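Chemist: Chains as they are written, first to last, in our numbering: chain Z, 5 to 454; chain C, 2 to 493; chain S, 2 to 129.
Keep in mind the hints are simulated off the structure, nothing from the lab. Source: prediction; values computed, not measured. Among the clues, some could well be false.
As the list claims (entries may be wrong) - In silico DSSO-like links for lysine-lysine, alpha-carbon gap of 27 Å or less: (1) Z/Lys36 x C/Lys357; (2) Z/Lys36 x C/Lys265; (3) C/Lys95 x Z/Lys290; (4) C/Lys357 x C/Lys372; (5) S/Lys85 x S/Lys3; (6) S/Lys76 x S/Lys127; (7) Z/Lys6 x C/Lys357; (8) S/Lys53 x C/Lys428; (9) S/Lys53 x S/Lys34; (10) C/Lys299 x C/Lys211; (11) S/Lys109 x S/Lys127; (12) Z/Lys371 x Z/Lys356; (13) C/Lys208 x C/Lys372; (14) C/Lys299 x C/Lys317; (15) Z/Lys36 x C/Lys211; (16) C/Lys108 x Z/Lys410; (17) C/Lys473 x S/Lys76; (18) S/Lys109 x Z/Lys290; (19) Z/Lys158 x C/Lys32; (20) C/Lys428 x S/Lys98; (21) C/Lys300 x Z/Lys410; (22) C/Lys211 x C/Lys198; (23) C/Lys265 x Z/Lys46; (24) S/Lys53 x S/Lys109; (25) S/Lys109 x S/Lys64; (26) C/Lys208 x C/Lys102; (27) C/Lys493 x Z/Lys356; (28) C/Lys198 x C/Lys108; (29) C/Lys102 x Z/Lys410; (30) S/Lys127 x C/Lys428; (31) C/Lys32 x Z/Lys438; (32) C/Lys428 x C/Lys372; (33) S/Lys127 x S/Lys3; (34) Z/Lys290 x S/Lys3; (35) S/Lys3 x S/Lys53; (36) Z/Lys370 x Z/Lys410; (37) C/Lys441 x C/Lys487; (38) C/Lys20 x C/Lys456; (39) Z/Lys6 x C/Lys317.
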Amino acid sequence: MKDFSRYLPHTPEEIQEMLEEIGLEKVEDLFKMIPPQSRLTKPLNLPSPLSEMDLLRSLESLQPPLYSSFLGGGAYHHFIPSVVSHLVSRSEFYTAYTPYQPEVSQGTLQAIFEFQTFMCQLTAMEVSNASMYDGASSLAEAVLMAYRITRRRKILLSETVHPEYRRVIQTYIDPEHHEVVLIPYLKEEGRTDSHSLFHHLDREVSAVVLQSPNFFGIIEDLSGISERVHQQGALLIIGFSEALAYGVLKPPGLFGADIVAGEGQSLGIPLSYGGPYLGIFTTREKFIRNMPGRLVGETIDLEGRRGFVLTLATREQHIRRERATSNICTNEGLCALMATIFLSCLGKEGLKELSLKNLSKAEYAKKLASEIRGCRIGFTSPTFNEFVLELERDPQEVLEELRREKILGGLSLARFYPELSHHLLVTVTEMNRKEEIDQWAELLQKAMGR
Amino acid sequence: MGRIRDTGLIQEEPLIFEKGRRGRRGCSLPKWEVDEVNPWRVIPSHLLREQWDGFPEVSEVEVVRHFTRLSQWNYGVDSGLYPLGSCTMKYNPKLNEEVAKLQGFSKLHPYTPEALCQGILRLMDELGAFLAEITGMDAVTLQPAAGAHGELTGLMMIRACLRDRGERRSRILVPDTAHGTNCSSSTLASFQMVGIKSDERGILSAKQVKEQMNEEVAALMVTNPNTLGLFEEELGEISEIVHQRGGFVYCDGANLNALMGIVKLGDLGVDVVQLNLHKTFSTPHGGGGPGAGPVAVKKELVPYLPIPVIERQGEKYYLNWNRPKTIGKMRAFYGNVGVMLKAYAYILSMGGEGLKRVSELAVLNANYLMKKLRAHYHLPYDRPCMHECVFTDRYQERFHVTTLDIAKRLIDYGFHPPTIYFPLVVKGALMIEPTETESKDELDRLIETMILIAKEAEENPDLLRQAPQRVKVRRLDEVLAARRPKLRWSPK
Amino acid sequence: MKFPEELLYSETHEWIREEGNRITLGITDYAQKELRDIVYVELPEIGAEFKKGQSIGVVESVKTVTDIFTPVTGKVISRNEELKDHPEYINTDPYGKGWIVQMEIQRKEELKGLLTAQAYQGLLPKEE
Numbered sequence: 005m006k007d008f009s010r011y012l013p014h015t016p017e018e019i020q021e022m023l024e025e026i027g028l029e030k031v032e033d034l035f036k037m038i039p040p041q042s043r044l045t046k047p048l049n050l051p052s053p054l055s056e057m058d059l060l061r062s063l064e065s066l067q068p069p070l071y072s073s074f075l076g077g078g079a080y081h082h083f084i085p086s087v088v089s090h091l092v093s094r095s096e097f098y099t100a101y102t103p104y105q106p107e108v109s110q111g112t113l114q115a116i117f118e119f120q121t122f123m124c125q126l127t128a129m130e131v132s133n134a135s136m137y138d139g140a141s142s143l144a145e146a147v148l149m150a151y152r153i154t155r156r157r158k159i160l161l162s163e164t165v166h167p168e169y170r171r172v173i174q175t176y177i178d179p180e181h182h183e184v185v186l187i188p189y190l191k192e193e194g195r196t197d198s199h200s201l202f203h204h205l206d207r208e209v210s211a212v213v214l215q216s217p218n219f220f221g222i223i224e225d226l227s228g229i230s231e232r233v234h235q236q237g238a239l240l241i242i243g244f245s246e247a248l249a250y251g252v253l254k255p256p257g258l259f260g261a262d263i264v265a266g267e268g269q270s271l272g273i274p275l276s277y278g279g280p281y282l283g284i285f286t287t288r289e290k291f292i293r294n295m296p297g298r299l300v301g302e303t304i305d306l307e308g309r310r311g312f313v314l315t316l317a318t319r320e321q322h323i324r325r326e327r328a329t330s331n332i333c334t335n336e337g338l339c340a341l342m343a344t345i346f347l348s349c350l351g352k353e354g355l356k357e358l359s360l361k362n363l364s365k366a367e368y369a370k371k372l373a374s375e376i377r378g379c380r381i382g383f384t385s386p387t388f389n390e391f392v393l394e395l396e397r398d399p400q401e402v403l404e405e406l407r408r409e410k411i412l413g414g415l416s417l418a419r420f421y422p423e424l425s426h427h428l429l430v431t432v433t434e435m436n437r438k439e440e441i442d443q444w445a446e447l448l449q450k451a452m453g454r
Numbered sequence: 002m003g004r005i006r007d008t009g010l011i012q013e014e015p016l017i018f019e020k021g022r023r024g025r026r027g028c029s030l031p032k033w034e035v036d037e038v039n040p041w042r043v044i045p046s047h048l049l050r051e052q053w054d055g056f057p058e059v060s061e062v063e064v065v066r067h068f069t070r071l072s073q074w075n076y077g078v079d080s081g082l083y084p085l086g087s088c089t090m091k092y093n094p095k096l097n098e099e100v101a102k103l104q105g106f107s108k109l110h111p112y113t114p115e116a117l118c119q120g121i122l123r124l125m126d127e128l129g130a131f132l133a134e135i136t137g138m139d140a141v142t143l144q145p146a147a148g149a150h151g152e153l154t155g156l157m158m159i160r161a162c163l164r165d166r167g168e169r170r171s172r173i174l175v176p177d178t179a180h181g182t183n184c185s186s187s188t189l190a191s192f193q194m195v196g197i198k199s200d201e202r203g204i205l206s207a208k209q210v211k212e213q214m215n216e217e218v219a220a221l222m223v224t225n226p227n228t229l230g231l232f233e234e235e236l237g238e239i240s241e242i243v244h245q246r247g248g249f250v251y252c253d254g255a256n257l258n259a260l261m262g263i264v265k266l267g268d269l270g271v272d273v274v275q276l277n278l279h280k281t282f283s284t285p286h287g288g289g290g291p292g293a294g295p296v297a298v299k300k301e302l303v304p305y306l307p308i309p310v311i312e313r314q315g316e317k318y319y320l321n322w323n324r325p326k327t328i329g330k331m332r333a334f335y336g337n338v339g340v341m342l343k344a345y346a347y348i349l350s351m352g353g354e355g356l357k358r359v360s361e362l363a364v365l366n367a368n369y370l371m372k373k374l375r376a377h378y379h380l381p382y383d384r385p386c387m388h389e390c391v392f393t394d395r396y397q398e399r400f401h402v403t404t405l406d407i408a409k410r411l412i413d414y415g416f417h418p419p420t421i422y423f424p425l426v427v428k429g430a431l432m433i434e435p436t437e438t439e440s441k442d443e444l445d446r447l448i449e450t451m452i453l454i455a456k457e458a459e460e461n462p463d464l465l466r467q468a469p470q471r472v473k474v475r476r477l478d479e480v481l482a483a484r485r486p487k488l489r490w491s492p493k
Numbered sequence: 002m003k004f005p006e007e008l009l010y011s012e013t014h015e016w017i018r019e020e021g022n023r024i025t026l027g028i029t030d031y032a033q034k035e036l037r038d039i040v041y042v043e044l045p046e047i048g049a050e051f052k053k054g055q056s057i058g059v060v061e062s063v064k065t066v067t068d069i070f071t072p073v074t075g076k077v078i079s080r081n082e083e084l085k086d087h088p089e090y091i092n093t094d095p096y097g098k099g100w101i102v103q104m105e106i107q108r109k110e111e112l113k114g115l116l117t118a119q120a121y122q123g124l125l126p127k128e129e
């Protein structure tokens, strides 16, 4: 008996019994309805099945070595308490389906309700959905929602929004029907050029899309923007890729944002080479019926007991079909649960402390870097846990040297911003130990000394 | 809420925000090591957060008990049979979970230089090749995060290809049995949906397609087997008709569990198909994701694949961003790698022989169920089914018992209900997909239970209408939830 | 189910009360029964103009969504704001408190195409 039969409980006798019951002679007869010319005559050309041990060994050998990392740019190396992975390993959570039958999924439903609450608190907005695929697609869906609400065709998109998020927005919108105007950033400060923004703001604009902290790690000053945006009848959409920033920064909801859409990977979700991540989508109550994604609501049962159900499903694909607010069905449910557990563990004080540790370590690294000859802090504006360094040498060469010492020293920006050919994005989190940062700075200095 | 509970082992548990006490701590964070920076010394004060109200303060013990209790209110595949039609709730192998936890992958940053990521790039490239082989297609993108995401990606590629040809086709033919995502994805991709009816056999007829296919139609979206669990027997001919008039055939691959090693969708004329790793390829459903919806395409659509595309030069793998005709990007980074690892492990555990066995047994199980239950539940399409079968509540109507009641009563007997009221073409649909990981014993138990419920419907229908009884909450008021939406907890 | 004699009906299950150059419109007792508990009504803007047969809004129950069609060409001059907080009025009093919009009509001849209470009832599926 092959090993894979551990997933296929049928014994040959049982198969015979079942075939007899159906009135067939062999298993092949089950497929009589398939035209014979289409039936495969050869087995699939796939590797022979591996045993559990062999599989693990072969996969273990594919793992890359782990280097010390100062990489960020939309994915962050943060501490994940052991409690998180332990609890999401409970199979009642991870082997469950979407909670369409509320009586047997109160666990999932209550956890999502808690997630929705946490996201509202984090962003200071009124309502959150149960998750989107990731920050980029969440932001793209925010743009689509703004089009639905305003029925206008143009958005103003800051160049400081994550380049991949911008690419995703461009992909989601139909260029034949919609226009994107890119708003430049200030060369010295590294934040969005608000003069340019207001210059382009008119009654044809559906939404203004900004990110804070932006791709350069800079905290954008959102004061005064929403009032002017609203005056023109447009919406203010704020994206983010580092959710932990709001542990110490004023959340966008308090600056009058209409939709806040971003990435929750920092909240207890592993890096995993880019996914699965966690799209966060929050907005104002008045826009609820235009929101994409699932929503969990509180209600009572026959006997007056509190319970939770999926609600306002009439916005969604399975009911509204072609007029749905989105096509999203399966989202990132288990990742939302990880974030909920993570935030529960951290609590009020933990969230504050973790954010401050990020800020402090990044400031420490910034200080060391600014003292290196040949290095300059790229922009003058305040940052959270990422900052841009301008180097007098080719950043690729510098990174190569650091890599030989098993350090991934930063992200070269040239591939995203050709005008920033000598710039690196450096990210420092609570997971970078002081000695690591010291070593990074030392090697950087050595590299610049050449 | 008093301190004394009388709910036995089905524990009551408040919201996490209703627990805890000021000053409690639930985690141990990495040490400071550097001087603590006062935020207002580096950031203008009007940009700083001023209050953290509403975030709980609970101990680790409270967190663990809270979520453990919540989990105990859930039913998962590990709890028992989960016969949801079109969802393929098969057993999730634990080996796959171990693989996804390997630190080399879970801690890998997506911007790690390619030279250091050869292992994972190779794995992704191989997974793509496996999926292409299984479906009989030419290339695969692993980027989409779910089936619906894959549908959108596939439709965008079709749109891009047509525009490239200078054509402006605006319509998509969508069968009446289609999943809702097919319709909404069409709209999102700027197409207009045109319905096409299945015939009295429950499948699409080439004749009907011929009538509706013209130069305005960009594509026909088909699901095979369809949502009635029936094989689209005329698909080969239908594809030819669509191709002759310059259109594409999009296949929703959600039901692939019936076909692996038996027939290749590519051989039936399909141009693009999205797969659901969290259905066919055993990755867990997670209570609503994460999943993954890779899209396999024929040569003609390859230039339009989202970037980056994983390519190989000799022994080295790299990410190719230089694809001038690409539709762009559907998400940041490369896809749900954590999910791909599990599907990869699954395919390596099963091999071609194992996957064929999977489909054979999935179809055997569904036909067995159909045979044993047909005397007790009405079959709207009396034809051999594939991996799922659809019944209705027509025999129970005269007792004023509905599909909903039958579903809720199954809960009292320890089963998750099947899919109800879908597909829409069948009134009172009850769609059952057992999957291949269920044994004959388990199926017999379901069969006996459903026969008992049919009997109860006749002799004591109140039992069904009052169901479920043996649960934590009963028949929640969905009307109230929709009229007065309460979507978050608020501090007083 | 009730179908007041003095009203006119459309095949898409709306009722119309003729008031000179204006009409009041709602959905019939049959429609509200089919929909079950109504949870939300999407009303058109005041001043919005519609052609005969166009959708002027949407009625939602928990699991269904259905369009409200205007059987006549006209302009919306008022709408039942109470339905925002009390969508259930359509269930409890479809011809009274559950009225949906008032429209100024342009072509009175279009009313001739509507059905009497008897003719409308004739279209409905017979109850078993």
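Chemist: All the hints need checking, so say for each whether the structure fits it.
Modeler: Hints, verified against the model:
Of the pairs offered as hints, the one joining Z/Lys36 and C/Lys357 holds, with about 16 Å between alpha carbons and a cut-off of 27 Å not exceeded. For a cut-off of 27 Å, the pair hint linking Z/Lys36 to C/Lys265 stands: about 15 Å separates their Cα positions. The hinted pair formed by C/Lys95 and Z/Lys290 fails the criterion: a straight-line CA distance of about 44 Å is larger than 27 Å. Annotation: proposed proximity of C/Lys357 to C/Lys372 holds, straight-line Cα distance about 23 Å (limit 27 Å).
For the proposed pair S/Lys85 and S/Lys3, the alpha carbon gap of about 24 Å is at most 27 Å, so the pair holds. Proximity of S/Lys76 to S/Lys127 is assessed by CA-CA distance (about 35 Å); at most 27 Å being required, the pair is judged violated. For a cut-off of 27 Å, the pair hint linking Z/Lys6 to C/Lys357 stands: about 13 Å separates their Cα positions. Proximity of S/Lys53 to C/Lys428 is assessed by CA-CA distance (about 31 Å); at most 27 Å being required, the pair is judged violated.
For the proposed pair S/Lys53 and S/Lys34, the alpha carbon gap of about 25 Å is at most 27 Å, so the pair holds. Between C/Lys299 and C/Lys211 the alpha-carbon distance is near 23 Å, which keeps this suggested pair within the 27 Å criterion. Restraint check for S/Lys109 and S/Lys127: the C-alpha separation of about 32 Å exceeds 27 Å, so the hint is violated. Restraint check for Z/Lys371 and Z/Lys356: the C-alpha separation of about 22 Å stays at or below 27 Å, so the hint holds.
Of the pairs offered as hints, the one joining C/Lys208 and C/Lys372 is violated, with about 31 Å between alpha carbons and a cut-off of 27 Å exceeded. For the proposed pair C/Lys299 and C/Lys317, the alpha carbon gap of about 25 Å is at most 27 Å, so the pair holds. Distance check on the hinted pair: Z/Lys36 and C/Lys211 sit about 25 Å apart at the alpha-carbon level, within 27 Å; holds. Under the criterion of a C-alpha separation no larger than 27 Å, the hint pairing C/Lys108 with Z/Lys410 is consistent with the structure, at around 15 Å.
This hinted pair does not check out: C/Lys473 and S/Lys76 have alpha carbons roughly 51 Å apart, beyond 27 Å. The hinted pair formed by S/Lys109 and Z/Lys290 fails the criterion: a straight-line CA distance of about 38 Å is larger than 27 Å. In summary, the hint linking Z/Lys158 to C/Lys32 is not supported, as the alpha carbons are separated by about 47 Å, beyond the 27 Å threshold. Note on C/Lys428 and S/Lys98: the hinted pairing is violated, with a Cα-Cα distance of about 32 Å set against a maximum of 27 Å.
Of the supplied pair hints, the one linking C/Lys300 and Z/Lys410 is violated, its CA atoms being roughly 41 Å apart against a limit of 27 Å. For the proposed pair C/Lys211 and C/Lys198, the alpha carbon gap of about 12 Å is at most 27 Å, so the pair holds. Proposed proximity of C/Lys265 and Z/Lys46 is supported: the alpha carbons are some 11 Å apart, at most 27 Å. The hinted pair formed by S/Lys53 and S/Lys109 meets the criterion: a straight-line CA distance of about 11 Å does not exceed 27 Å.
For the given pair, S/Lys109 sits about 36 Å from S/Lys64 by alpha-carbon distance, which is inconsistent with the 27 Å threshold. For the hint pairing C/Lys208 with C/Lys102, the CA-to-CA distance comes to about 51 Å; that exceeds 27 Å, so the pair is violated. Restraint check for C/Lys493 and Z/Lys356: satisfied, since their Cα atoms lie roughly 22 Å apart, inside the 27 Å limit. For the suggested pair C/Lys198 and C/Lys108, the alpha carbons sit about 49 Å apart, so the restraint of at most 27 Å is broken.
Taking the CA atoms of C/Lys102 and Z/Lys410, the gap is about 23 Å. The hint holds against a cut of 27 Å. Taking the CA atoms of S/Lys127 and C/Lys428, the gap is about 17 Å. The hint holds against a cut of 27 Å. About 10 Å separates the Cα atoms of C/Lys32 and Z/Lys438, which keeps this hinted pair within 27 Å; it holds. Under the criterion of a C-alpha separation no larger than 27 Å, the hint pairing C/Lys428 with C/Lys372 is consistent with the structure, at around 21 Å.
Between S/Lys127 and S/Lys3 the CA atoms are separated by roughly 15 Å; this keeps the pair inside 27 Å, and the hint holds. Using a Cα cut-off of 27 Å, the hinted pair Z/Lys290 and S/Lys3 is violated, with the two alpha carbons roughly 36 Å apart. Using a Cα cut-off of 27 Å, the hinted pair S/Lys3 and S/Lys53 holds, with the two alpha carbons roughly 25 Å apart. Under the criterion of a C-alpha separation no larger than 27 Å, the hint pairing Z/Lys370 with Z/Lys410 is consistent with the structure, at around 21 Å.
Taking the CA atoms of C/Lys441 and C/Lys487, the gap is about 44 Å. The hint is violated against a cut of 27 Å. Using a Cα cut-off of 27 Å, the hinted pair C/Lys20 and C/Lys456 is violated, with the two alpha carbons roughly 46 Å apart. Of the pairs offered as hints, the one joining Z/Lys6 and C/Lys317 is violated, with about 34 Å between alpha carbons and a cut-off of 27 Å exceeded.
Violated hints for the displayed structure, listed by number in ascending order: 3, 6, 8, 11, 13, 17, 18, 19, 20, 21, 25, 26, 28, 34, 37, 38 and 39.
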